[in-house]
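All chains should be built: construct the whole structure from the sequences, respecting the hints.
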Amino acid sequence: MSGPILELVNVTAHYGRIQALKGISLRAMPGEIVTIIGANGAGKSSTLMTICNVLRASSGDVRFEGRSVLPLSPDRLPPMGLCQVPEGRRIFPRLTVSENLDMGAFFRKDHEAIRRDKDMVYDLFPVLKERRRQPGGTLSGGEQQMLAIGRALMSRPKALLLDEPSLGLAPLIVKQIFAIIKRINEENRTTILLVEQNANLALQLATRGYVLETGKVVLEDDARALLGNPEIRKAYLGE
Amino acid sequence: MTPVSRTDSARSWLMFGLGLCWLFVLLWPLLGIGADGVLSFAETFAVWGRIAAAALVCMVVWRLRRSGSLGFLDAPAGSLRDGMARVAAGVPRPVWLIALAALALSFPLYTERYAQDVAVLVLVYVCLGLGLNVVVGLCGLLDLGYIAFYGVGAYTYALLSIHYDLSFWLSLPIAACLAAVAGCIIGYPTLRMRGDYLAIVTLGFGEIVRILLNNWMSLTNGPNGLLGIKSPGIYLPSLADGFSFEHLYMRKLEYLYYVILVLAVFTVIAVRRLNFSRIGRAWEAIREDETAAEVMGVNTFLLKLLAYASGAAFGGLAGVFFAARMRFVSPESFSFMESVMVLAMVVLGGMGSIPGIILGALALIALPEAFRGFELYRMLAFGGAMTVMMLIRPAGLIPAKRMGKRGEEAE
Amino acid sequence: MEIFLQQCINGLTLGGLYALIALGYTMVYGIIQLINFAHGEFFAAGGYVGVILLAWMAAQGMTQSHPWLCMGLALLLTMIYCAMLAMAVERVAYKPLRHSSRLSVLLSALGMSIFLQNGLMLTQGVYDKAYPTEMVSGLVTFGGLQISIMQILILSTTAVLLVGLNALVFRTNVGKAMRATAQDKVMSALVGINSGRIIALTFAIGAGLAAAAGIMVGFNYGSVRYDMGFVPGIKAFAAAVLGGIGNITGAMVGGLIIGMVEVMAAAYIQGGTEYKDVFAFIILIAVLYFMPTGIMGENVDDTRV
Amino acid sequence: MNRNMWRVLMLALALCLAATGPALGAKLKIGSLSPLTGPYAADGNDIANGVRAAIAAIEKEGGIPGFDGIELMAEDSACDPKQAVAAANKLVSAKVAGVVGAYCSSATIPASEVLAEEDIPMLTPASTNEKVTERGLKYMFRVCGRDDDQSVAAVTFLTGHLKAKTLYVVDDKTTYSQGLADNVEKLAAAKGIKVIAHDHVNQGDKDFSAVLTKIKSANPDALYMSLQNSASGALMLIQARRMGITAAVIGQDAVYHPQLMEIAKEAAEGAYLTFGFIDENTEAYKKFASAYAAFGKPGAYSGYAYDSAYVLLSAIKAAKSTDPAKVKAEIMKMDIQGASKKIKFMANGDSGSNYIIRMVKGGQFVNFWDPATGKTY
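Chains as they are written, first to last, in this note's numbering: chain A, 96 to 334; chain B, 471 to 881; chain C, 51 to 355; chain D, 1482 to 1858.
Heads up, some of the hints might be wrong.
[Claimed, not checked] One side of the interface only, derived from the structure: several residues of chain B facing chain C at Cβ under 10 Å:
no., residue
1, Arg751
2, Leu772
3, Phe852
4, Ala855
It is worth saying that the hints were derived from the structure and are not from the lab. It should be emphasised that the depicted structure is a prediction, and the values quoted were computed from it without experimental measurement. Ideal Cβ placement from N, Cα and C applies to all residues, glycine included.
As structure tokens, then:
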């Protein structure tokens, strides 16, 4: 496939009267890891929520594999291969780990393949296998993040949107999770759109990056170039 | 209105058709199978046909609006509405109030008993609605047993009047206090509960009070009710022999109308003042976020209790008047359905909004009366109207300006 | 002792019926936090449709030849009917208000309750409708205990339905999706669950169970009436809250407790029959005072009015 | 019956629409108050239909001179004091010449106070509570019997025919049903019958198993069942018989309704009820039966409602005026055989009671025992 797998064209969105997104345009090519960085309240999570139609875009267009997804309801997207791990992970707290994973594959009917995918996820995160009968709410933060990613993988996504996977986790676990994200990307050629506050880590992982400020894209470049950009280093990398 | 795609239109017509078929399936067993097991379609088709025709008209209008074909109507209608709003805004507030007061005061002069009676009932429910509004609208505590306080007030006056011949006016503060105490008793154990657990416990208390009224024979005379309650009395200056005062019972409906009008105005003013006081703001803080309010130093325990007590007191006042007006009380008047109706007024009118609640009371009392013409269809029309009103104006007829985002689930 | 056991059976029958109705409340509450006031009406509608279907079958002469088949068929069709009714009510009166305040939906539900109740009255008349109780009659005697066949039938049907519901909710993917939707609607949409459909299904299942209760009440007590949904509705709601609203096992336990308390209070406390509802509510209040989220309630988050 | 009901409703609606249409000439307006909705709608509709039947009968006899017909305002009292008062006020505003109603004593009493303020005659076909006529209201009449008389009939039957030694009393806590049950308990105790217990159930209950299990273990000779609703009575009978309770069951006039047999079927067989003696062989009853045919089977209060309306209308006819004083004078003069009983009013507005014991036999109510003579029919 030559065109971008995911493309946002001039998307705006509102919370009530407050404009959260003021014309976002971005794209991700198949197999890419794209990161969106920015300060708190810049509109990173809103961008992801708008892609998935949880937050309705006021104008502009969101295209997945060349097709506009705006008229679709959010639950139509995972079957198309667009899946999100939202901020705060949002594990179903009173479903067991295994049931949480089942939910990731809810729309799929190929039971045999689902079982194999589940084993694959358990391979990826052995701790989930140990805890598969435990309610999701009793897991630790890192385990929940793993579960959330594992649940998303159960839908066999072509593009995976990850919102702040490092939030509130110990550095060691963050490193582990980022390694797994890279593995997912490499093994399945899954496109990854990564929203992060930890700009340093994100840019090291990504191929390209976008910088968001107050609902607008202010900079777009190769990840390496962004890492070298003095302004970025000053604003987001704490130098 | 943006032009809509053809698929959207086709889809909604499909849904419409499906809905009608669905309705037919629902109607037919009820209308088409006789007690003797004979099947018939005529009646079902008659009823269904009428509903379908009405729905079709609505659907066509709606589709035309969606597609913009009725745009030519929207513009003048919109400008008419704007114009009216401008005129309304142009008239100063005092003029409104005076006009309203004049209308309210002169009401008995140009109306018949029936209208007055309905007006009296509406005003009683205005008092009740405003009292419940303190608990539900301001403090955010869902109370499904509010009518219990109304009952406490009514029985208090009934007993005082029958056994001690105490006057209406003296009974008002006594009943209000007793109702407030009852409010605290009911409020206290529920303070730890939140949300709908609170609702069921208040419902339980409401039922307990009703069952007590129904069974405590020696005090309340049980289901037989209490008879022989006196009307409110006043002393009128009389010039018959010298100058003296004559005691008069106000049994005439006009007088009662004025009494309840005074009570209602008092309630409106009191609730308004509470609303804009420190306490009112603290209540709203509790409603919006109890934990945050507590952290900010609001004594949620005391304030919630106070909300219960003051809400109950207004209910008690209304109850006293109710007993005096009916001159008869029985437990049937204090059933769960009454609680629900009062709550409905508050929600329908717009929680926390005083004019809204007045309108809500008017709607819910006057509608069943207006629908008397439908005879047996009366309550059917009423139930349908209630749902439709909620669908059209989910935030109430006149929503309060200061209501927060609470309850509008962030999805 | 014999009398005690007898009363236990009475309590179990009543409690099982409450539990069936309470399940609908609790499932709907669990998923959209709505106290569905119209739920009692589904129960009443179930009672009516059941007797109507049986009347038709009787006219075909089927009830004589295959009474058990007829009862099963009537039960099934009635459950389907009420499921459809509930879905229609949900679509018309609740779905458009999904993003409004919860009290608005509550009121819409109340309007629907009044509407349905009067709809039943207008189409079916104000008189009670008699059930063909002669289809199941007879007593079974265990020692000194007398249990009517109908009671046994009710207890077993209730048990089957409860077990079936448990299997549905905890074993199947749809059941898991229902629980997922109840816990986080946004997230469940993000994994591809159509929450609208799941909610409609929840209403359908809850109403189906209430319909089953309606038909069994009809058989057990001999008649149905258009306003019969109201009182059991309140009781079942109390049962749902007692067990911990939103919790399916809780609703079953709560229903049984309320049924038992009522019967035992009526049987063993002086003046208990007139105050039996008071005891039921006092138990409810006491339990909630010490366990503010009910017997089996999870910690619901602080969602209020 | 189902479709019949629907037709009745349609007819009612049509009547109502006609009533709101433009008046062609001076029509005589009378009102009826009864619970058309709510738990007592069954009896309430019987009452409204009884009045309609009386109007039809009077109009068939040539109507009332000076009026272009008779118009009925059938108002819903919902058995709720608040709504009953509102409805009464509506009738007052509409200037009705008289009112037939209401059903529940708790609705009749406050409504009658409203009507009394405007001197509108009120005839109750169903409120048997003593207080209804004992408040000194000038224009309050009662066509049905009184609770105290009914309890006497029941107790006389207990001692005179059943020779009961022990009695169990159950009521469902309404003004009417409890008042009656209390009277029975008192009288029975005075007559030397041992009252084992007096239990109460709640209105709208369907499950009586708890109280019935108690009754079964107490094993009384007789069970006095004072319920407000015939369907509740049927439910209690079914459950009692299913449990194997063999005590004689005595009900009262609120349980008296064809519904009792429809629902309870063979469980109702042999149940006794106190009810006003209705002579179905009189001319008046036949007239009533033919006028009522359009409304289905007469209910317990259909006859009383018919008589009430018939008395009111004939008094207006005789007085040639709707002036309340003249109408009252005519009503007091009246001494006729009505459909339900012989009607002759006493000074306080009561018209006497003629309670007898009827029994369910072969799915029908039959006259069984007369307390006045102590003889079976």
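Right, here's what the structure says about each hint:
Hint status for arginine 751 of chain B relative to chain C: violated, with the closest Cβ pair at about 18 Å, above 10 Å. Among the interface hints, the one on leucine 772 of chain B is violated; its C-beta lies about 19 Å from the nearest C-beta in chain C, farther than the 10 Å criterion. The beta carbon of phenylalanine 852 of chain B is positioned within 10 Å of a beta carbon in chain C (closest approach about 6 Å), and the interface hint is therefore held. The interface hint given for alanine 855 of chain B holds, since its Cβ lies 7 Å from the closest Cβ of chain C, which is under the 10 Å cut-off.
Consistency note: the structure conflicts with the earlier hints numbered 1 and 2.
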